[in-house]
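**Q** Heads up: the sequence lines are chains S and Z, in that order.
Under this note's numbering, the residues of the first sequence are numbered 1 to 207, in order.
Under this note's numbering, the residues of the second sequence are numbered 1001 to 1411, in order.
Derived from the structure by calculation, the hints contain no laboratory data.
Hints may contain errors.
[Unchecked claim] Computed from the model, here is a short list of chain Z residues facing chain S with C-beta under 7 Å:
| # | residue |
| --- | --- |
| 1 | 1149 |
| 2 | 1155 |
| 3 | 1156 |
| 4 | 1228 |
| 5 | 1229 |
[Unchecked claim] Across the chosen pairs, the derived CB separations fall in these ranges:
| # | chain 1 | residue 1 | chain 2 | residue 2 | range |
| --- | --- | --- | --- | --- | --- |
| 6 | S | 120 | Z | 1377 | 42 to 52 Å |
| 7 | Z | 1173 | S | 120 | 27 to 37 Å |
| 8 | Z | 1377 | S | 21 | 25 to 35 Å |
| 9 | Z | 1211 | S | 182 | 18 to 28 Å |
| 10 | Z | 1377 | S | 194 | 16 to 26 Å |
| 11 | S | 12 | Z | 1044 | 52 to 62 Å |
| 12 | S | 62 | Z | 1318 | 35 to 45 Å |
Think of the CB as a built atom: it goes at the ideal place given N, C-alpha and C, for glycine as much as any other residue.
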Amino acid sequence: MTLADVFLIVGIVVVLMAIGLYLSMTAGRLDRLHRRIDASRASLDLQLARRQAIALELSASGLLDPATAAVVADAAHAARRASEISDSGQTHSPIAAPDSAVGSPPSIVNRWMVESDLTGVLVEVFGDRYEVAQVMELPEGEELLAALAGVCRRVELTRRFLNDGVRACRQVRRHRSVRWLNLAGRTPWPETVEMNDTPPTGLTLGA
Amino acid sequence: MSESVARQSQQRQLSVGLVCPYAWDSPGGVQAHIRDLAQNLLLHGHRVSVLTPVQDPELLPDYAVDGGRPRSVAYNGSVARLTLGVRATGRVRKWIREGEFDVVHVHEPMAPSLSLLTCWVARGPIVATWHSSIVRSRALNAGYYVAQTAMEKVVARIAVSEYARRTLVDHLGGDAVLIPNGVQVSAFADVEPLRRWPGPRVMFLGRAGEPRKGLAVLLAAWPAVCAAIESIGLVIVGHADATEVLDQVPVELHETIEFLGPLSDYDKARALRSVDVYVAPNTGGESFGIVLLEAMAAGTPVVASDLAAFRRVLDEGRAGATFANGDSADLARVLTTLVSDDDERARLSVAGYQRALVFDWSRVTAEILAVYDSVSHPGDSVGVDLRGQIVGRLAQRHSGDRHGQSESESS
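Kindly produce the complete structure, drawing on both the sequences and the hints.
**A** Here it is in structure tokens:
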């Protein structure tokens, strides 16, 4: 074996190690991004559940007039139903699927539409500072509305952070090396969540 | 649904780790921001630990942890005092491991500092705030892959100004939540004035030698102001070379200029309360203008150059007067008019104070807490991330952790 051969072999080994290192780092990076998306999804689900709970509590509190309370309760119930169905869909139970297929169950897309409807109702009901001020005067009113303001802002933020993560993840997954070597494994292509999450203008976030 | 569920989101106690990139004991906007944030979080009953470089560890408050001595490093066109290196990395790792934070919040993560190191070695809910509007992509260009990887761990990005947001979006893509800086209004509104002067006093605050602070513009306007108003004086607070400053004005005006030197935050607030007008002739480089808000919180009328950031803080002139940036003649005109108009000064004092309340820290704290809540999960804390990091693996060799997955994952 000549000296040139040794150099060649060492060179090949170094290049292979560099490639391996790059791939392992990229795989780690992807894994982290997927985890980040999962965590953001969990946060969004949590905040949406809280928003439903606060909306229901408001409608049952007697702070709102009966007509408004009915509209808020209806939208909140619909949102809760939609999230329960999408929760059970996420478990991927192959047996449960055919049974529940009677009358197509609301899809994920549908769920965001229902949540958007709840947003719309809240914007409509608490869009007016004067009316909000009236409710604030009532006992419990200030506390509940502060909670609502807080949760609406948190829904907006979590969805934004989720979509940020999805965008960063997609960027990495579009790399040639990731696609050709299937570094993402079987993790599904990340999807953004598109819904209306504008907080009601009448509410202000306060400490 | 029980009430506890409804209220829970607002009242969960958090353990927050804040990372300061610059030396705690050198004055600066980022340090002041972190100090105010820490104090307000503590006020709300959260647990706070600040990791920061510091020259003299004796000066650290209870909630701060010594992150090492800063070294002077040329970075981004000026000399910055930063902390880097293997030892600093070890310190960050120890802090994260012992802190059990629900959220780690780094500041100015693009600067090569403890902040970037934290992004690099931590795993879990990381929030980052961009303060500066002149984020250079040098860090990203040099170690693009590593920096990009570190940035990807930032779950929530906050920008303190529209400019900071735009530079961040241009460099990294994506978006950031805009949370404008806050001012602790009570810290400026409730202090005793420093002293009384016989005539009206105008104040300049900042490094006299820093061209972008615009002292030269004010000094060029000074003779005209002195000619118009009897017994007026200029008070300069901050580092200043007196002879260098005085050389810029005629000899007969030397006694109208007084140097107070660098003051503590408390005395700075008292000084602001004792003058008649605060002038901010900055020619650029200001992304927010917190000092304007401090003057306004103290009830002192403001005259500022018409930088976009200043105009926004001054509510397009409703909460303070502006002049054409860099135009000494215009500054002299605006300043003279305001000093001689008692009613207008009284009006601006009230309007400025009201405007400052909009930027009070309590609102900033509520916004930042909403971000923390949106990224943190009960029962899940920030851990040390060793995946895909050579240095991390080397440093961790002794623990026999060859695959770099020492932390058990929650999912």
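**Q** A separate judgement is required for each hint: does it hold in the structure or not?
**A** Each hint, compared with the structure:
Here the hint on residue 1149 of chain Z is kept, as its CB sits about 5 Å from the closest CB of chain S, short of 7 Å. Because the closest C-beta pair between residue 1155 of chain Z and chain S is about 6 Å apart, less than 7 Å, the hint holds. Interface hint status for residue 1156 of chain Z: upheld, as the beta-carbon distance to the closest one in chain S is roughly 5 Å, under 7 Å. Checking residue 1228 of chain Z against chain S by beta carbon gives a least distance of about 44 Å; that is not within 7 Å, so the hint is violated.
The interface hint given for residue 1229 of chain Z is violated, since its Cβ lies 42 Å from the closest Cβ of chain S, which is over the 7 Å cut-off. One distance hint, 42 to 52 Å for the beta-carbon pair residue 120 of chain S and residue 1377 of chain Z, is violated here, with the actual separation near 29 Å. The hint said 27 to 37 Å for the Cβ distance between residue 1173 of chain Z and residue 120 of chain S, and at roughly 30 Å that hint holds. Between residue 1377 of chain Z and residue 21 of chain S, the C-beta spacing of about 32 Å keeps the proposed range 25 to 35 Å intact.
The supplied range of 18 to 28 Å is broken by residue 1211 of chain Z and residue 182 of chain S, whose beta-carbon atoms lie about 56 Å from each other. For the hinted restraint 16 to 26 Å between residue 1377 of chain Z and residue 194 of chain S, the CB-CB distance of approximately 23 Å keeps it satisfied. Against the hinted window of 52 to 62 Å, the Cβ-Cβ separation of residue 12 of chain S and residue 1044 of chain Z comes to about 59 Å, which satisfies the hint. The supplied range of 35 to 45 Å is met by residue 62 of chain S and residue 1318 of chain Z, whose beta-carbon atoms lie about 41 Å from each other.
Checked against the numbered hints listed earlier, the structure breaks hints 4, 5, 6, 9; every other hint is satisfied.
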